[in-house]
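Protein chains in written order, with the numbering used here: chain A, 1 to 70; chain B, 1 to 70; chain C, 1 to 70; chain D, 1 to 70; chain E, 1 to 70; chain F, 1 to 70.
Just so you know, these hints were derived from the structure itself, not from any lab. A couple of the hints might just be wrong.
The list makes no distinction among identical chains, and a pair is therefore deemed to hold if it is satisfied within one copy or across any two copies.
[Said to hold, decoys possible] Each computed DSS-like pair below joins lysine-lysine, with the alpha-carbon atoms no more than 25 Å apart: (1) K21 <-> K10; (2) K35 <-> K15; (3) K13 <-> K67; (4) K67 <-> K35; (5) K13 <-> K35.
Number of protein chains: 6
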Amino acid sequence: MPTIFFYGPKLDKEKSREMIKSFTETASRLTGIEKPAFVVYLRESSHDNVGVGGELLKDRMEAEHVKGKD
Amino acid sequence: MPTIFFYGPKLDKEKSREMIKSFTETASRLTGIEKPAFVVYLRESSHDNVGVGGELLKDRMEAEHVKGKD
Amino acid sequence: MPTIFFYGPKLDKEKSREMIKSFTETASRLTGIEKPAFVVYLRESSHDNVGVGGELLKDRMEAEHVKGKD
Amino acid sequence: MPTIFFYGPKLDKEKSREMIKSFTETASRLTGIEKPAFVVYLRESSHDNVGVGGELLKDRMEAEHVKGKD
Amino acid sequence: MPTIFFYGPKLDKEKSREMIKSFTETASRLTGIEKPAFVVYLRESSHDNVGVGGELLKDRMEAEHVKGKD
Amino acid sequence: MPTIFFYGPKLDKEKSREMIKSFTETASRLTGIEKPAFVVYLRESSHDNVGVGGELLKDRMEAEHVKGKD
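If we strip away everything but chain A, and leave its shape as in the complex, we get (with noise of 0.2 Å):
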């Protein structure tokens, strides 16, 4: 039954392939709890809907763009 939710960056077929099953392993071997129990729910968050230190992670981005220029 235990339930882990990732917010991040949308990722491909692939790389989510293999984050559920190595979070699903990691958390099977330590709990104690058969595989099956498990949900991994991926829930994307895109660069204009969060935040970081107050700013919006967009901007932040766009600035250090700009200074990995200079």
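Starting from the known structure of chain A, arrange chains B, C, D, E and F on it as the hints suggest.
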């Protein structure tokens, strides 16, 4: 003030109505809190962003579909 | 694999059973997904860690209680 | 490390910036934790996937709109 | 109907009041939705059930404390 | 900025460390985002506040225990 989140497949409008109505009536009756205080969020989850038993649900559905055809 | 979260007051065991049973039956019927795939989390929320309308619920309850006594 | 989730209507970029900035400043001041440690997620919720008082919000909005016209 | 979740350290009653009041006023102003429709959940998270950068926060705090003493 | 929530049984400190470390390393490798940006919340869920298949988990565990004794 109670809040209910449902993570699952997309529902059409009629089924969304029924789920919201039923969840709210049940929870209102059991908590003794009046219905207007309840909020229900239907959060869609598709087969390529959820994993069950360590596998992407999409892969599992396709495998079962193939097996079902045997 | 669908998952339901309920944020609200603590329920005794009998009411917890009823809520879990009713939510699962309703959601199973509306989604067409079999009941064993459903997980319901009852996440307790007390009056001093929830706010409604900008006020701590505890304050609001006490204010209403006083008013109710007039 | 604190994390804030906002479930509500879609905001334009300017309002998203303001919400993230204000939530982070308030929470940083009240917890004494530095701003870079805060993450804010704006999770959009539309009128056809949320229910209030047992009704789909879309239905309620339309009913109020009709009533408002009387 | 918007809902805000705060995951972070436990706050005393006065700070809880301020956080709920400020989040609700900001969000009401930016969304144009009246304050009574907002619910804020303060979900406590302690140093031994949260990880940052791959480490238990408790371990990291203790390591920084020791370093700070040098 | 990615965030991971684990809802499941309480873990001791050593297992909490391993889960946080493993989830963060896996997610960092798959997303290409550096480890310090990740936060993992371990949200404890006990047998009397979770339901599986429409039954309180506590009831199900006790029924299985009795059956296991036959």
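Item to complete: Could you place K35 and K15 in one of the four classes (within, between, both, neither) given a Cα distance threshold of 25 Å?
Response: Intra 19 Å, inter 17 Å, cutoff 25 Å: intra and inter.
Worksheet item: Using 25 Å as the alpha-carbon threshold, which applies to K21 and K10: within, between, both, or neither?
Response: both (17 Å within a copy, 22 Å between copies)
Discussion item. One pair to classify: K13 and K35, alpha carbons no more than 25 Å apart. Within, between, both, or neither?
Written reply: Classified as both; 20 Å inside a copy, 22 Å across copies.
Worksheet item: Within a copy, between copies, both or neither: where do K67 and K35 come within 25 Å Cα-Cα?
Response: Answer is between; shortest inter-copy Cα gap is 21 Å, intra-copy 45 Å.
Discussion item. If the cut is 25 Å between Cα atoms, do K13 and K67 qualify within a copy, between copies, both or neither?
Written reply: Between copies only: 22 Å across, 32 Å inside.
Going down the numbered hints, you'll see the structure goes against none, and every one checks out.
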